[in-house]
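Undergrad: Model the placement of chain G on the given structure of chain S, informed by the hints.
There are 2 protein chains.
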Amino acid sequence: MALLVQKFGGTSVADPERIAEVASHVARCRHRGDDVVLVVSAMGKETDELLRLAGEVSDSRPGREMDMLITAGERKAISLMSMALHGVGVRAESYTGSQAGFVTDVNHSNAKIVDVRAGRIRTALDDGYVPVVAGAQGVSVDNNVTFLGRGGSDTTAVALAKALDADACELYTDVSGVFTTDPRVVPSARRMNRITFDEMLEMTAAGCPKPAMRSVEYAHRHHVPLHVRSAFTWEPGTWVTEEDANMEAALIRAVVSDDSQAKITVAGVPDRPGIAGGLFRRLAEADVNVDLIVQNVSTNGVTDISFTVPHEQLPLAMEICESERSATGAAGVTSDHDIAKVSVVGAGMKSNPGVAAVMFETLADNAINIEMISTSAIRISCIVSGDDSDRAVEVLHSVYELSETTF
Amino acid sequence: MALLVQKFGGTSVADPERIAEVASHVARCRHRGDDVVLVVSAMGKETDELLRLAGEVSDSRPGREMDMLITAGERKAISLMSMALHGVGVRAESYTGSQAGFVTDVNHSNAKIVDVRAGRIRTALDDGYVPVVAGAQGVSVDNNVTFLGRGGSDTTAVALAKALDADACELYTDVSGVFTTDPRVVPSARRMNRITFDEMLEMTAAGCPKPAMRSVEYAHRHHVPLHVRSAFTWEPGTWVTEEDANMEAALIRAVVSDDSQAKITVAGVPDRPGIAGGLFRRLAEADVNVDLIVQNVSTNGVTDISFTVPHEQLPLAMEICESERSATGAAGVTSDHDIAKVSVVGAGMKSNPGVAAVMFETLADNAINIEMISTSAIRISCIVSGDDSDRAVEVLHSVYELSETTF
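Residue numbers (our numbering), protein chains in the order written: chain S, 5 to 411; chain G, 5 to 411.
It should be emphasised that the hints constitute simulated quantities derived from the structure, not laboratory data. Fair warning: there could be bad hints in the mix.
[To be verified] Residues on chain S that point at chain G, a partial pick, calculated with CB under 8 Å:
#1 LEU57
#2 VAL61
#3 PRO66
#4 GLY67
#5 SER86
#6 MET87
Every residue gets a Cβ at the ideal spot worked out from N, C-alpha and C, and that includes glycine.
Chain S with its partners taken away, still in its complex shape:
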């Protein structure tokens, strides 16, 4: 008998039929003898719908009010889910973030958890109930309703698993686990049985959309085993766990691509101390999320600086670069929308220096030009043209034999 925290995302509870399927699954778990705590997101496209309504109502949308609005979606989902559980004979009670003891900071729309006072949830478990907790919400230290942000339900689940000392945190979603690459791009992509937290974090940073990075970090920090699995087929998925000394680290685990970024190049920057620093400080002050940075070797006292930013922040970033350009006497600023970041991730590359060479050669052999490179201890990322993205993923997935290896 285990204590499981099971998180269900929006598509997993999109309509009454889906809610009924989740309820049946929970009934099976209870029947097997497990204790279950559910964490539920808003149904389907509900959050988008609420955002659309807010857009129609006002151009002025204070964070406090947006959080009150958005969190209504999860309340709907938890109460309906509790009713569905009652309908299949499982005693259940819904809990808002506040009732479940989630205390957050006052940073609306993207609040951070400062404490989880899970006393009511523990009592409900002791009384034989399945607590159904609203994802991604809490109450701030100044007693306002807060939203943890998109993907916040994963964090709610992990934090609750930690607070309750659960045996595992199961993240149910519309994919059946973590794959060696996107199966829509490479049909021979395999689902992994296991992956380490470090690798999962690098994959997330490289553009893998699920699970949300914050929840993986939280799970890593607090040693909460994650199980990413399907709410549609109910088959076992991918475990994200600590590194296991008995297991040989895979050279390369996965190939991840990300086409959500654009590249900016500031050309002819005077190569004096503080110039690049000033540019990136101003970008940081404007909350521009800079990812890769490459600075060329200086020639004739000037250099080129390239970096990537999310598409939606490109106009803001360009504005800042233009103003820095004229202030510093740089030659010009250009941008490129159509790029992709292709990354290979694997803990085994730490002890194998040949990985990067294979990657660069493979891309070159396939006439794919590398525009920028960035590496970490267990990841190598290359910026390529957007048109080359899918082909780069295919050839890399093949050269590292990811379809054949099982781990």
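TA: Below, chain G alone, put in the same frame as chain S:
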């Protein structure tokens, strides 16, 4: 400068356009120098939609979960309304029932207010904000979310007006006030400028749908002046206040009809002490809402008992009557769906015994048969055939000259 609690019902905030109109109205009030607290219901048909969803999800719908579900609707409305107010330059903050200090009993779906701890609302007012409070909700003494029931937003508004010692509680709705009768039946019906609490309560009991009786009782008990008015034309409506010694009581204020009831007759009941009492105790135990009761004069040791119940409770009431019939040896039980209760209400009838005679004669002159009669100090109600209802209202509205009088 006054402190006004303004309540807006579902149709008044049904869509972004309506929310914008309400926001403009509040901005005008603020500009005039008034302090305003808003109480808002769920948008349009949202509550019905949530009930429909619950019906699709499960046949087992615990009150605790239903209340969690239903109250999500008002949260949506208050946050959107606050954003709309920000959009027109009015500082506003939304408050759930719990945040606004509404403590209730544990009676889910129909909770009673036990305390209003309006500290946060008062602070918000002092800080220059317009607090926007979710109608019909609170938190129970055992810390669960509760719903005050349909029409509960009126009660929220009145209770808040009392707690804040507001100058008036304005109930904005889709009609422009309280009328001498239903203008859809009698086009010459007039809106009253004023009516007493006693009269308003009798009208509500007689079938006048708005405002909700509970809120009128609360306002009466706590001396909160009510102003029933339009959220569409914004013109002044009807004040519901204490009786004013300087004002002569109107003989008849209004004619009200109600076709929501059915009549049950238990014939040939043995006229022994306790028989009728036993029947009505069993009906009360089953929460059947018995309205009018008439018992005929006994003949040969048996009597007929007739009473009215809401249509939706007729099957349950019939079942109880049948079982009582066989237990007591009564002759039979019959029911009639197609009846209407037509009532005249007016404080002046207390000192004028001729009112009833005029009513009965007028109905007789128009060949309208009276099936049952019930009276209070300021109301006379007659049960007539459903087909005669509109005609009865017309002739009574005319004979008491309600189109001509102004008060």
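Undergrad: A separate judgement is required for each hint: does it hold in the structure or not?
TA: Here is how each hint holds up against the structure:
The closest approach between the C-beta of S/LEU57 and any C-beta of chain G is roughly 6 Å, which is under the 8 Å cut-off, so the hint is satisfied. Taking 8 Å as the C-beta cut-off, the interface hint given for S/VAL61 holds, the closest approach to chain G being about 5 Å. Interface hint at S/PRO66: satisfied, since its Cβ lies 6 Å from the closest Cβ of chain G, which is below the 8 Å cut-off. A least Cβ separation of about 11 Å between S/GLY67 and chain G goes past the 8 Å threshold, and the interface hint is therefore violated.
Annotation: interface hint on S/SER86 holds; nearest CB of chain G at approximately 4 Å, less than 8 Å. Interface restraint check: S/MET87 against chain G, minimum CB-CB distance 4 Å, threshold 8 Å, status holds.
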